[in-house]
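Visitor: Once you have looked at the hints, place chain B on chain A.
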Amino acid sequence: MGQKTALYDKHLQMNAKLVDFGGWDMPIHYGSQVEEHHIVRRDAGMFDVSHMTVVDVTGADAKEYLRYLLANDVIRLQEQGKALYSGMLNETGGVVDDLIVYLMTDPDVTGEWFRVVVNCGTREKDLRWMADHTAKFDNVALTERPELAMVAIQGPNALAKVASVLSDGRVKLINDLKVFQGLESEGWFFARTGYTGEDGLEVMVPEEYVADFWQALADAGVAPCGLGARDTLRLEAGMNLYGSDMDEKISPLSANMGWTIAWEPAERDFVGRQALEKQREAGVKQKLVGLVLESRGVLRSHQKVMINGEEAGEITSGSFSPTLGCSIAMARVSANIADTCHVDMRGKLVEVKVVKPSFVRNGEKVYS
Amino acid sequence: MNIPTNYRFASSHEWVLDNGDGTVTMGISDHAQDLLGDVVFVELPEVGREVTAGEEFSLVESVKAASDIYAPIAGEVVAINETLEDEPELVNSEPYEGGWIVKIKLADAAEVEALLDADAYAATIAEES
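Chains as they are written, first to last, in our numbering: chain A, 930 to 1297; chain B, 8 to 136.
Excised from the complex, chain A in its bound form (with noise of 0.2 Å):
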């Protein structure tokens, strides 16, 4: 038995089937993850997503702080909720961990603060990682907030359903909210963000008050949809898994990552900023890319690509594309890969295509 998020019942209540994520007994379909998948491409569709982990970043030196900790810089969040994707690196340039970071902004605390949040299968990792970063700094507290539940809402529809379980006040926030912006309002934290490629909001809930929330929404119509759904969303929307995608072996130049950079102002030092640069000057040998399977059959990860019969990579992650009926791949290549290459599917060579590793945005094909 794994831990249990705030929602464990409703989950039962709501038939799901449940597999063990890390750790916690987590729902992977509630009947079928290509419905679910579709609704949240269609309509609207909510994931439990209590188990991933908010650390709050406080004190005077807490912004001098991530801009040491992180690839990407925290000044370039200049308004108040802004979001920002990053990865934390270890000094050989590898990926400890992704991550989004917000800039708060509270009267009644002294200035600006950041609320990150990171992986749920490196929980233990990133925090002894960030506790030992601080070490550098004077004035920079990490406190985990394990009771706040999270609810991503994600879908055309998404906005507009949760918008009619909220109280005014908190409907006006929603609807001003700008994309890859969150903002608290009593307790409760209302993003703009999610892992799936539609519009949509990740809601941090103090757990006590998840279910009811859950429930309501439920009741406006909102599908609840399994992690299953989630991994086959957020690959057509290109967008990696911590594990699967990159690791502590892999830099960000190899993970399609490179645009999570910042290399300016060049005198903030960062950690890994060394290795990468070597790498850059270096040349990058291996780049992520999408691959795209036209003939039937579905592409797995650890399938070896071949560029003229020689080995050239690897997938990373793999499935069915529900949205465009193939199966689509990312997969780590020789970085002088062309337009096709060939996978070997259980012992058959399969042509494939190669493209940008984004399939899909907001219920529409984005490769050519």
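Because the hints were derived from the structure by calculation, they are not lab data. All figures in this text were calculated on a predicted structure; none of them were measured in a lab. Quick reminder that beta carbons are idealized off the backbone N, C-alpha and C, glycines included. There's no promise every hint is true.
[What the hints assert, rightly or not] Have a look at the derived ranges for each label pair, beta carbon to beta carbon:
| id | chain 1 | residue 1 | chain 2 | residue 2 | range |
| --- | --- | --- | --- | --- | --- |
| 1 | A | G1172 | B | M8 | 29 to 37 Å |
| 2 | A | E1223 | B | E101 | 22 to 30 Å |
| 3 | B | T131 | A | K946 | 19 to 27 Å |
| 4 | A | N1104 | B | S136 | 41 to 49 Å |
| 5 | B | E101 | A | K1277 | 26 to 34 Å |
| 6 | A | P1135 | B | A86 | 53 to 61 Å |
| 7 | B | A86 | A | G1254 | 22 to 30 Å |
[Stated by the list, open to error] A few chain B residues that don't get close to chain A, going by computed Cβ distances all over 12 Å:
| id | residue |
| --- | --- |
| 8 | P11 |
| 9 | T30 |
| 10 | K112 |
| 11 | A114 |
| 12 | D115 |
| 13 | A121 |
| 14 | L123 |
Guide: Using the frame of chain A, we list chain B on its own:
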């Protein structure tokens, strides 16, 4: 879990229904489809193929995994369920009816009796979980 009493089963989770004319229909059990999750492709064998019991002769791919399908019984494939090309989800929604995979002309009719009956198959599943 649905386990119809007039069907026979292989421990590898295929079912067989005796059509009474020297042929059987086969597919995968409700338990098997539940383990696989949403089926997205079924690779069907050629009509006319001779199979031996236990031979891999079809492949079911779900969102989650690829699963080899073994011939539960020896004989010749005399029909394949072409509907599955467009509606593979029938394997999930109607595992014992619309989700059938092939029909096999039996090499030896007595082999059907050697497969597990519903009770024995239920016991096999219970042991696994």
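Visitor: All hints are to be evaluated individually against the structure, with a verdict given for each.
Guide: Each hint, compared with the structure:
1. G1172/A / M8/B: 29 to 37 Å: Holds, since G1172/A and M8/B (Cβ atoms, about 33 Å apart) stay within the stated range.
2. E1223/A / E101/B: 22 to 30 Å: Holds, since E1223/A and E101/B (Cβ atoms, about 28 Å apart) stay within the stated range.
3. T131/B / K946/A: 19 to 27 Å: Given about 21 Å between the Cβ atoms, the range holds.
4. N1104/A / S136/B: 41 to 49 Å: About 48 Å separates the Cβ atoms of N1104/A and S136/B, which means 41 to 49 Å holds.
5. E101/B / K1277/A: 26 to 34 Å: Holds - the Cβ-Cβ distance for E101/B and K1277/A, about 30 Å, lies within 26 to 34 Å.
6. P1135/A / A86/B: 53 to 61 Å: The hinted range 53 to 61 Å holds for P1135/A and A86/B, with Cβ atoms some 59 Å apart.
7. A86/B / G1254/A: 22 to 30 Å: Once the Cβ atoms are compared, 26 Å apart, the range 22 to 30 Å for G1254/A and A86/B holds.
8. P11: 21 Å, holds
9. T30: It holds; T30/B is separated from chain A by about 27 Å at its closest Cβ, greater than 12 Å.
10. K112: 27 Å, holds
11. A114: 28 Å, holds
12. D115: Label holds. Min Cβ-Cβ 31 Å, cutoff 12 Å.
13. A121: Given that every Cβ of chain A is farther than 12 Å from that of A121/B, nearest at about 30 Å, it holds.
14. L123: Fine: 25 Å to the nearest Cβ keeps L123/B off the interface.
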